[in-house]
Amino acid sequence: MKTPYMIFVVLVSTPAHSVLAENTAIDTLLQSYASQGATEVDAEQGKHLWQKTFQSNSEFAERRCASCHTEDLTAPGKHIKTSKLIEPMAPSVNPQRLTDQKKIEKWFKRNCTWTMGRECTVQEKADFLLYLNK
Amino acid sequence: MKNTLAISAVIFTIGFVTIPAVWSDDDHRWGGMEEYKHRSTGVAAVTDTVYREECGSCHMAYSPALLPASSWMKMMSGLENHFGDNAELDTETERSITDLLLANSADRSDYRRARKFNRSIQYNDAPLRISETPYFLHEHDEIPNRMVTGNPEVTSFSHCNACHTRAEQGSFNEHDIRIPGYGRWDD
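Top line first, the protein sequences correspond to chains A and B. Quick note on my numbering: the first sequence kicks off at 1 and runs consecutively. Quick note on my numbering: the second sequence kicks off at 1001 and runs consecutively.
Only chain B is shown next, with the shape it has when bound in the complex (with noise of 0.2 Å):
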């Protein structure tokens, strides 16, 4: 009786550990199942005020942790054509930025997404684009075009709040995601 007991114990309790993890949607493609300091499904929200000033004059502010390291570099390196824009800054602040987003990129941020992010880009690529990374494109692949690239109220992918309500706070959870004119989603 006392063996069936603790048999019984164990097996819930490899059961409790293990259905989350293979529950939560492509944990197995993207490296899961290891222990992260946020299991949650966003990224580290951005609050400096010189990134949100600097940065998000023109686009949202996007989180360090959606890139790597190698990108950032590359990115501060050509501000004086930043997607045909001119971006530059002043050397004081071009420095401290730079060093924000190195200590906060996907590579070194404990946030599980974040770490989605890194793992699918290749050692040694460093894509300039967010929304050229592969895990982006996976977790994109079903939407149709005419949702975004089609749809005047978002046009574009690189507008990351258009659909996710809460992208500024750093969160991509599904159910804050409200397509306009086309409501919910639903993967």
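Okay, chain A solo, but in the shape it has when bound (with noise of 0.2 Å):
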């Protein structure tokens, strides 16, 4: 009776356990931000965000994350300038995305520059990770 209950346990505790390992990035940097002062993060506030338009001296003077991304987080995207193709930003349909820490800052210190002519504060960086979690 009790090796059938373990092939059980096994069975449904697996794919639970390989979504946790995939999470673990988000969930680092979510603590890291909390300790350097993000409270009460809020998908809602990082949506507002990923869809507010900012504006430039330079080219592209009206400037969103959509721009290159498209509101659709499940859709892929196009570089603005190059037009290379960029793969969905959420991880439900492209399961590489926000695994990688480093990949993670880099991308946010390059584009919140771009996109906002400043670096993103980590309260943005939180809500921004929370939203794009679908």
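Simulated from the structure, these hints should not be mistaken for laboratory data. Think of the CB as a built atom: it goes at the ideal place given N, C-alpha and C, for glycine as much as any other residue. Certain hints may be false.
[To be verified] Listed below are the simulated EDC-like cross-link pairs for lysine to aspartate or glutamate, each with C-alpha atoms no more than 16 Å apart in a straight line:
no.	chain 1	residue 1	chain 2	residue 2
1	A	LYS103	B	GLU1088
2	A	LYS84	B	GLU1054
3	A	LYS102	B	GLU1092
4	A	LYS106	B	GLU1094
[Unchecked claim] Simulated DEER-style distance windows between Cβ atoms:
no.	chain 1	residue 1	chain 2	residue 2	range
5	A	THR74	B	TYR1123	20 to 26 Å
6	B	THR1165	A	ALA34	47 to 53 Å
7	B	GLY1078	A	TRP107	17 to 23 Å
8	B	ARG1184	A	TRP107	34 to 40 Å
9	A	THR74	B	ASP1125	44 to 50 Å
10	B	LEU1079	A	THR28	24 to 30 Å
11	B	ASN1145	A	THR39	51 to 57 Å
12	B	GLU1153	A	THR39	43 to 49 Å
Need the complex rebuilt from these two chains, each delivered in its own frame; the hints are there to steer you.
Encoded structure:
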């Protein structure tokens, strides 16, 4: 009686385990942002910022996250300047997304700077992560 | 009789060696007739995974052999404003990519086409755009704007692989050219 039960436990817990493993990067970063002052992390706030338009004095005067990534996180985007395909942001359709801390920080730095003209705060990064993790 | 045979052999050999060199376009202009390890019409393909990931996320991972070392040095020292985009890297990655670029740059490549790029660039000049080097401009001077900048499927000369179907493999052979909406291109 015990053996079938154990098999059942293993079968049920394996997928849950792999999902948890994929999200380690996000969890670690969220904890790190919290320790640096991010409070009440809010996916809605992340969405609001994702869709907000920022002004620039250079090429592409109106800049938004969606300029390259599109509004739909599950759809592929296109680099506004080079036209290169950008894989979807949502881990639900692109499991590679948001699994590498170093990569997440690199793109936050580059893309916040391009879009908003400054780096993102820890609060903004935490809100973005929660919004993007779909 | 023996003499005639020997002379014919010599003439035949000279012809055999010189015809391909004369045949291939522009060798006279960009310095041909020299022995290179790679006589192909291509440049070395980019296989480095870090380079492909870091530089190839936003645009085609251009072969380092398309610009000289001086250009790459200048490029890598200004990544915070990389053609209007922020492309900053961490110190370690920046160093490893710089090393790769310098070791495989046009002036250090033994591919014939890389040498032509290099020769066309003036001493002390460090162009940042491959599409502004004299060799590139010469090679594309017969192509009407409507096929590239005016072509919605191409839009810019910087999108090599829009027409050079095997550009990412380092091949710029004429037979691999397909201009979207126009098809093959024969020089």
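Here is what the structure says about each hint:
Our distance criterion of 16 Å between C-alpha atoms is met by LYS103/A and GLU1088/B, whose separation comes to about 12 Å. Simply put, LYS84/A and GLU1054/B have alpha-carbon atoms about 14 Å apart, close enough for the 16 Å limit, and the pair holds. With a C-alpha separation of about 12 Å, the suggested pairing of LYS102/A with GLU1092/B holds against the 16 Å cut-off. Taken as a hint, the LYS106/A and GLU1094/B pair is honoured in the structure, with Cα atoms around 12 Å apart against an allowance of 16 Å.
Judged by the Cβ atoms, the range 20 to 26 Å given for THR74/A and TYR1123/B is violated: they are separated by roughly 52 Å. Between THR1165/B and ALA34/A, the C-beta spacing of about 49 Å keeps the proposed range 47 to 53 Å intact. With their beta carbons about 19 Å apart, GLY1078/B and TRP107/A fall inside the hinted range of 17 to 23 Å. A hinted range of 34 to 40 Å for the beta carbons of ARG1184/B and TRP107/A is consistent with their spacing of about 39 Å.
Separation of THR74/A from ASP1125/B is about 46 Å and conforms to the stated range, judged on CB atoms against 44 to 50 Å. Under the hint 24 to 30 Å, the C-beta atoms of LEU1079/B and THR28/A, about 26 Å apart, fit the expected range. In this structure, ASN1145/B and THR39/A meet the distance hint of 51 to 57 Å, their C-beta atoms being roughly 54 Å apart. Take GLU1153/B and THR39/A: their Cβ atoms lie about 48 Å apart, and the range 43 to 49 Å holds.
Comparing the model with each numbered hint stated earlier shows that hint 5 is the single one that does not hold.
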